[in-house]
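Just so you know, the protein sequences line up as chains E and U, in that order. Start counting the first sequence at 322; every next residue gets the next number (my numbering). Start counting the second sequence at 7; every next residue gets the next number (my numbering).
Possibly wrong hints are sitting among the right ones.
[What the hints assert, rightly or not] Which stretches of chain E does chain U cover? Using the computed rule of at least three CB atoms under 8 Å from a CB of chain U, they are: (1) 483-491; (2) 549-560.
[Claimed, not checked] Here are the computed distance ranges between Cβ atoms for each label pair: (3) U:728 - E:471: 34 to 44 Å; (4) U:728 - E:478: 55 to 65 Å; (5) E:423 - U:307: 53 to 63 Å; (6) E:405 - U:346: 31 to 41 Å; (7) E:474 - U:364: 40 to 50 Å; (8) E:474 - U:293: 48 to 58 Å; (9) E:394 - U:628: 29 to 39 Å; (10) E:376 - U:424: 37 to 47 Å; (11) E:478 - U:525: 41 to 51 Å; (12) E:478 - U:424: 53 to 63 Å; (13) U:105 - E:380: 39 to 49 Å; (14) E:394 - U:158: 35 to 45 Å; (15) U:728 - E:394: 30 to 40 Å.
If you're looking for bench data, these hints aren't it; they were derived computationally from the structure. Positions of the beta carbon are idealized from the N, C-alpha and C atoms, including for glycine.
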Amino acid sequence: MTAAPRERAGRQAPGSRKPAGARSSRADRGEAHFGAAGAGLAVGLAAAFVVWVLQVRLADMPYHYGFIGAPVLTVDDACREAGWLWLLCSAGGVMAGGAVGILAGTSIARRRLLTLAALASTGIYLLASRGIWGYEGFPPDSEGKFPEGKGPAPMPLISIVLPLALAAVAVAILLQTVRRESRKGSDRPGGAGSPANLLDEGVWGLPLFHLCLSLSAAHLTLQLPYYLGAGEEFLHALPDLVNLIPGL
Amino acid sequence: MLTLSLTLLSVLSGLALSHAVSIDRFPARALFAGTIASAQIIALETLLGATGLLTRKALIGASVLLGSSLLATCVWATSSRLLQGLRRDARSLLEGFLELRPPELIAFAALALPAWIWALAAIAYLPPRSVDDLAHHLPPVLEAVVRHRFVILPLELRPWFAYPLNADLLFMWPTILRGDLRWTDGAQAMTAALAAAAVVALARELGASRRASLCCALLFLLFPVTLKQATSCYTDITLAGFYGAAVWGALRYARQGSAGALLLCGIASGLLAGTKYHFLLPLTALWPLVFLGLRHEPVRSRGLLRIGLLFALPAIALCVYWYLRNLLALGNPVYPYGVSPGPLKIFETALAPTDMLLTSPSLLATIIKQPLYLFAMSMRDVGAGGVDGGMGPFFWGAVVPFGLWHACRAVWRTVNAAWMSKGDGDATGLLLALQLPAAFLPYFVSPRILFDTTTRYMLPAAVLGLAFLAPAIDAARERWRAPFCLAAGLAIAASAASLTLLAGTRDLAERKQKMLFGEAAAAARSGAFASPWRFIEGGSHGTGRFAFGWELLDLVSAPPGRPVHPLWIYATGQYPAGFYGSWLQNRVWNFEEPASRPAEADVFFYYLTIQRRVEDITYFGKPVYALRDVTSHPEKYDLALVTPETLIYFRRDVLRPGADLRERLATYYEKVYPEEVATAVTLAPLPKEGTILNSGPIGLGLKDLELRGKLSARVQLIRPEELDLEAARWRSSGPVFIVRPEGQTRPAVATMKGTTENLALYELSDADIDFLLREARQREKGEPEEKP
Numbered sequence: 322m323t324a325a326p327r328e329r330a331g332r333q334a335p336g337s338r339k340p341a342g343a344r345s346s347r348a349d350r351g352e353a354h355f356g357a358a359g360a361g362l363a364v365g366l367a368a369a370f371v372v373w374v375l376q377v378r379l380a381d382m383p384y385h386y387g388f389i390g391a392p393v394l395t396v397d398d399a400c401r402e403a404g405w406l407w408l409l410c411s412a413g414g415v416m417a418g419g420a421v422g423i424l425a426g427t428s429i430a431r432r433r434l435l436t437l438a439a440l441a442s443t444g445i446y447l448l449a450s451r452g453i454w455g456y457e458g459f460p461p462d463s464e465g466k467f468p469e470g471k472g473p474a475p476m477p478l479i480s481i482v483l484p485l486a487l488a489a490v491a492v493a494i495l496l497q498t499v500r501r502e503s504r505k506g507s508d509r510p511g512g513a514g515s516p517a518n519l520l521d522e523g524v525w526g527l528p529l530f531h532l533c534l535s536l537s538a539a540h541l542t543l544q545l546p547y548y549l550g551a552g553e554e555f556l557h558a559l560p561d562l563v564n565l566i567p568g569l
Numbered sequence: 007m008l009t010l011s012l013t014l015l016s017v018l019s020g021l022a023l024s025h026a027v028s029i030d031r032f033p034a035r036a037l038f039a040g041t042i043a044s045a046q047i048i049a050l051e052t053l054l055g056a057t058g059l060l061t062r063k064a065l066i067g068a069s070v071l072l073g074s075s076l077l078a079t080c081v082w083a084t085s086s087r088l089l090q091g092l093r094r095d096a097r098s099l100l101e102g103f104l105e106l107r108p109p110e111l112i113a114f115a116a117l118a119l120p121a122w123i124w125a126l127a128a129i130a131y132l133p134p135r136s137v138d139d140l141a142h143h144l145p146p147v148l149e150a151v152v153r154h155r156f157v158i159l160p161l162e163l164r165p166w167f168a169y170p171l172n173a174d175l176l177f178m179w180p181t182i183l184r185g186d187l188r189w190t191d192g193a194q195a196m197t198a199a200l201a202a203a204a205v206v207a208l209a210r211e212l213g214a215s216r217r218a219s220l221c222c223a224l225l226f227l228l229f230p231v232t233l234k235q236a237t238s239c240y241t242d243i244t245l246a247g248f249y250g251a252a253v254w255g256a257l258r259y260a261r262q263g264s265a266g267a268l269l270l271c272g273i274a275s276g277l278l279a280g281t282k283y284h285f286l287l288p289l290t291a292l293w294p295l296v297f298l299g300l301r302h303e304p305v306r307s308r309g310l311l312r313i314g315l316l317f318a319l320p321a322i323a324l325c326v327y328w329y330l331r332n333l334l335a336l337g338n339p340v341y342p343y344g345v346s347p348g349p350l351k352i353f354e355t356a357l358a359p360t361d362m363l364l365t366s367p368s369l370l371a372t373i374i375k376q377p378l379y380l381f382a383m384s385m386r387d388v389g390a391g392g393v394d395g396g397m398g399p400f401f402w403g404a405v406v407p408f409g410l411w412h413a414c415r416a417v418w419r420t421v422n423a424a425w426m427s428k429g430d431g432d433a434t435g436l437l438l439a440l441q442l443p444a445a446f447l448p449y450f451v452s453p454r455i456l457f458d459t460t461t462r463y464m465l466p467a468a469v470l471g472l473a474f475l476a477p478a479i480d481a482a483r484e485r486w487r488a489p490f491c492l493a494a495g496l497a498i499a500a501s502a503a504s505l506t507l508l509a510g511t512r513d514l515a516e517r518k519q520k521m522l523f524g525e526a527a528a529a530a531r532s533g534a535f536a537s538p539w540r541f542i543e544g545g546s547h548g549t550g551r552f553a554f555g556w557e558l559l560d561l562v563s564a565p566p567g568r569p570v571h572p573l574w575i576y577a578t579g580q581y582p583a584g585f586y587g588s589w590l591q592n593r594v595w596n597f598e599e600p601a602s603r604p605a606e607a608d609v610f611f612y613y614l615t616i617q618r619r620v621e622d623i624t625y626f627g628k629p630v631y632a633l634r635d636v637t638s639h640p641e642k643y644d645l646a647l648v649t650p651e652t653l654i655y656f657r658r659d660v661l662r663p664g665a666d667l668r669e670r671l672a673t674y675y676e677k678v679y680p681e682e683v684a685t686a687v688t689l690a691p692l693p694k695e696g697t698i699l700n701s702g703p704i705g706l707g708l709k710d711l712e713l714r715g716k717l718s719a720r721v722q723l724i725r726p727e728e729l730d731l732e733a734a735r736w737r738s739s740g741p742v743f744i745v746r747p748e749g750q751t752r753p754a755v756a757t758m759k760g761t762t763e764n765l766a767l768y769e770l771s772d773a774d775i776d777f778l779l780r781e782a783r784q785r786e787k788g789e790p791e792e793k794p
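Turn these sequences into a full structure, and let the hints guide you.
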């Protein structure tokens with residue numbers, strides 16, 4: 322079964338505002354175009370995140386430091402660089418994705434494919450797990466030397482392979498699930514005047530969802546080393562807590 | 007139990023009032039009840055503190071009277087409706103728990119439960135330990151408890167002592183009712199529940215489902231900063247709760263003209279304005295939303311009267327004391343800040359023109375100049391691991407961008423509607439959306455110099471941002487089920503990973519606090535001879551360096567199982583809270599007016615700071631007893647404890663033979679330093695006269711022998727760098743001995759059997775002392791030292 326007969330039958334394509342084929346005015350076609358552009362933006366953001374997560378410096382870049390003092394500037398600089406890179410990648414992704422979306426908007430099948438890709442590509446944000454292998458430690462001193470006389474270890478191969486595999490599996494599962502759900506159709510939520518409406522709009526909903534995910538995943542990538550670095554103390558204190566529960 | 011009962015009475019009366027004023031949903035009623043309970047506590051303490059009647063009995067009586075009369079009035083006003091309503095509330099609460107069945111809620115709840123048990127354990131077993139707790143949140147509160155009235159502590163030490171104290175008075179509640187500090191830092195944990203209720207109430211008001219609202223509330227409760235700060239005496243979580251209540255009240259009044267909501271908004275506004283000056287900005291932004299509610303009033307003048315009575319009056323009543331007090335006592339209601347709109351100077355700032363708080367540009371100015379600075383804030387998640395910050399990746403990634411998008415969209419819609427002349431005249435959405443940027447204002451107007459410590463100011467904005475996010479969560483879940491699951495999974499994973507920050511991190515030990523409570527709990531449960539202050543070693547900003555000193559003061563004045571012997575302490579250092587003792591048994595001599603304190607303190611406490619420099623000692627104003635005044639009179643003052651950062655002197659007359667304090671100090675040495683005492687006991691032969699100088703722990707053992715009358719020679723504790731001066735000082739009164747490991751080239755006068763090595767007393771000859779003095783002089787001049 323192709324997409325067109327289903328849409329003619331009144332089923333709703335994922336990410337579209339109205340059951341496809343229900344309207345055929347010029348305005349609707351324009352809206353559909355923009356809807357596809359929105360899906361394109363979302364795919365662009367997801368692709369940009371892949372580029373960012375593979376480009377951002379994790380092996381020797383401290384993103385967290387607690388003392389007030391000169392080394393904290395190193396950390397601020399590192400964060401600014403990582404943020405700037407995310408901004409550049411995302412801007413590139415948005416432009417490319419938007420263009421692809423506008424082009425794809427001319428055909429229902431392509432539009433549908435793009436929406437499907439936009440939904441499935443949310444799995445890409447599992448690449449944030451690459452942060453597990455990031456550097457957790459003191460920043461270098463003013464001469465660029467890391468403390469304890471040794472530099473941070475380079476990122477192992479698994480830090481690329483495992484996150485990529487995770488993301489690929491997630492994308493595959495999402496693809497399957499979204500296809501299945503789109504066959505079943507889905508309800509539309511939201512009431513007028515509520516912020517829910519924002520995500521109900523075909524044009525901006527998906528890109529905004531991706532933007533939030535991309536930004537959150539970027540933060541998580543950089544903060545994971547720090548969280549995991551604190552794990553030792555945490556696990557050390559955990560038995561105390563378990564012993565205390567009866568006393569409390 | 008008394009604290010809990012009285013708190014429950016306040017909450018119950020608040021809940022009854024919420025029914026009386028017809029607040030229609032349970033989350034909103036819970037928010038109402040919590041805010042009213044806080045207001046009752048704060049109002050009573052303010053009233054009693056301002057009139058000098060702040061005693062435990064008066065507070066108990068007044069709170070019982072107020073709570074029960076409010077409850078009785080509500081019962082009378084609502085007759086049988088109240089009981090049904092309360093039953094409905096209990097059912098709603100139960101349903102709320104049953105609502106936790108969806109997988110993402112189960113996961114968040116599974117994380118929140120142990121995390122909050124952890125927080126509870128930290129509150130129960132560790133004393134207040136965060137830097138601002140000890141420096142300026144607690145001292146005014148504790149001083150008010152011991153003096154039964156509010157006093158402005160020396161502003162030379164902290165200009166913040168003149169700050170309004172509304173939220174801080176919640177810490178006073180368990181402190182004054184229990185008479186100790188055990189649950190003092192638990193008040194904020196209670197208000198975290200209030201803030202969570204605010205998230206749910208606001209989200210429900212915006213049309214979100216229970217599921218999404220609870221999800222957002224749990225996210226709030228799992229922010230690293232919420233978890234860490236809930237166990238401290240900071241006030242940002244409390245502010246977030248009050249702010250959420252104020253916004254909910256304003257929104258409901260704007261939408262429905264509900265009198266109860268207006269009252270809540272007024273009360274919460276007063277609580278906020280009486281806590282932090284910075285929140286006058288977002289409160290002002292709330293007024294248009296309040297005045298929008300006038301459209302529900304048939305007669306405008308009646309509406310204005312209603313706003314005056316239900317909003318302005320409670321708001322002013324709950325904060326006016328602090329501003330009036332500052333105006334009368336200090337000539338500036340917003341001390342230490344100035345009020346100078348343009349060229350007009352209404353109130354001069356008390357801060358020096360060179361103060362970095364004035365000279366540093368605001369964060370907003372910094373960001374306008376360097377927009378990428380935003381990434382330094384968010385990606386570093388400034389303050390994570392401590393009480394100052396740590397909002398978590400989803401705050402920066404989802405709450406902030408979505409909230410701001412929502413605000414921009416509301417503006418765009420209103421402008422668009424006005425342009426197209428098709429507006430329906432309802433500006434509620436716009437005014438509400440604009441509250442988010444307004445809620446960020448306290449953060450963005452703070453000076454850049456405070457960049458590292460002010461992330462927490464964003465917690466009130468987080469309450470609003472999460473409420474905005476909740477309906478979008480519903481939409482995303484319904485529309486994109488599988489991608490939503492992935493997003494929820496990421497949020498859960500991020501929250502789980504960030505839980506590790508609860509314990510503190512090795513690289514942040516200096517700046518952040520550690521929360522390891524195993525030893526503290528074991529000591530508390532076994533009834534060991536210990537003070538909780540011993541366990542603040544992981545305190546931030548070096549506050550842990552006070553631990554040994556405060557432990558001594560605590561154990562000498564209130565040893566376990568013995569009557570309290572209050573001490574008057576001449577205190578120095580920037581963290582006065584610990585001097586009062588775990589049971590608030592001690593008094594800070596230099597906080598009292600000369601007429602109400604004894605002529606001289608019993609104990610003199612000098613904190614040499616992390617740098618361990620005498621020049622860095624912080625006196626509270628003009629020093630009454632500079633360190634040199636005390637050290638130059640060894641016949642009057644006896645050094646009882648020396649650590650690298652602290653020196654504690656006792657007046658010799660309070661340690662005279664037979665004195666109670668002499669016996670207590672000896673007991674302290676024996677219980678806290680048993681190994682050193684065991685080593686000192688083996689000293690043989692005992693020197694009959696002279697002075698033993700020592701700067702190490704073994705000196706404490708020898709001091710014990712002296713106090714117990716087993717050693718006739720004088721034991722003088724000294725700082726290692728003052729050996730020369732002390733030796734010179736004491737040589738006129740007999741032989742001078744020092745303790746060194748056995749086996750030096752010269753013969754020992756006496757020996758001791760240590761646990762790892764044998765120690766011996768060696769007598770310093772005149773030549774040795776001259777050599778030491780010469781060496782010290784050369785050191786001062788920077789000349790090369792002689793070889794010994």
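Outcome of the hint check:
1. Here's how the segment 483-491 of chain E fares: 1 of its residues keep a CB closer than 8 Å to some CB of chain U, so the rule of at least three is not met and the hint is violated.
2. Counting residues of the segment 549-560 of chain E whose beta carbon lies closer than 8 Å to any beta carbon of chain U gives 10, which reaches the threshold of three, so the coverage claim holds.
3. For residue 728 of chain U paired with residue 471 of chain E, a C-beta distance near 40 Å keeps the hint of 34 to 44 Å intact.
4. Judged by the Cβ atoms, the range 55 to 65 Å given for residue 728 of chain U and residue 478 of chain E holds: they are separated by roughly 59 Å.
5. Between residue 423 of chain E and residue 307 of chain U the beta carbon distance is about 57 Å. The supplied range of 53 to 63 Å therefore holds.
6. Judged by the Cβ atoms, the range 31 to 41 Å given for residue 405 of chain E and residue 346 of chain U holds: they are separated by roughly 38 Å.
7. At about 46 Å, the beta-carbon gap between residue 474 of chain E and residue 364 of chain U stays in the expected band of 40 to 50 Å.
8. Range check, residue 474 of chain E to residue 293 of chain U: Cβ separation about 57 Å, and the 48 to 58 Å hint holds.
9. Judged by the Cβ atoms, the range 29 to 39 Å given for residue 394 of chain E and residue 628 of chain U holds: they are separated by roughly 38 Å.
10. For residue 376 of chain E paired with residue 424 of chain U, a C-beta distance near 44 Å keeps the hint of 37 to 47 Å intact.
11. In this structure the supplied range 41 to 51 Å holds for residue 478 of chain E paired with residue 525 of chain U, their Cβ-Cβ distance being about 42 Å.
12. The hinted window of 53 to 63 Å between residue 478 of chain E and residue 424 of chain U holds, with their beta carbons roughly 59 Å apart.
13. For the hinted restraint 39 to 49 Å between residue 105 of chain U and residue 380 of chain E, the CB-CB distance of approximately 44 Å keeps it satisfied.
14. The beta-carbon spacing between residue 394 of chain E and residue 158 of chain U, approximately 38 Å, falls within the hinted interval of 35 to 45 Å.
15. For the hinted restraint 30 to 40 Å between residue 728 of chain U and residue 394 of chain E, the CB-CB distance of approximately 38 Å keeps it satisfied.
In terms of the numbered hints stated before, the structure departs from hint 1 and from no other.
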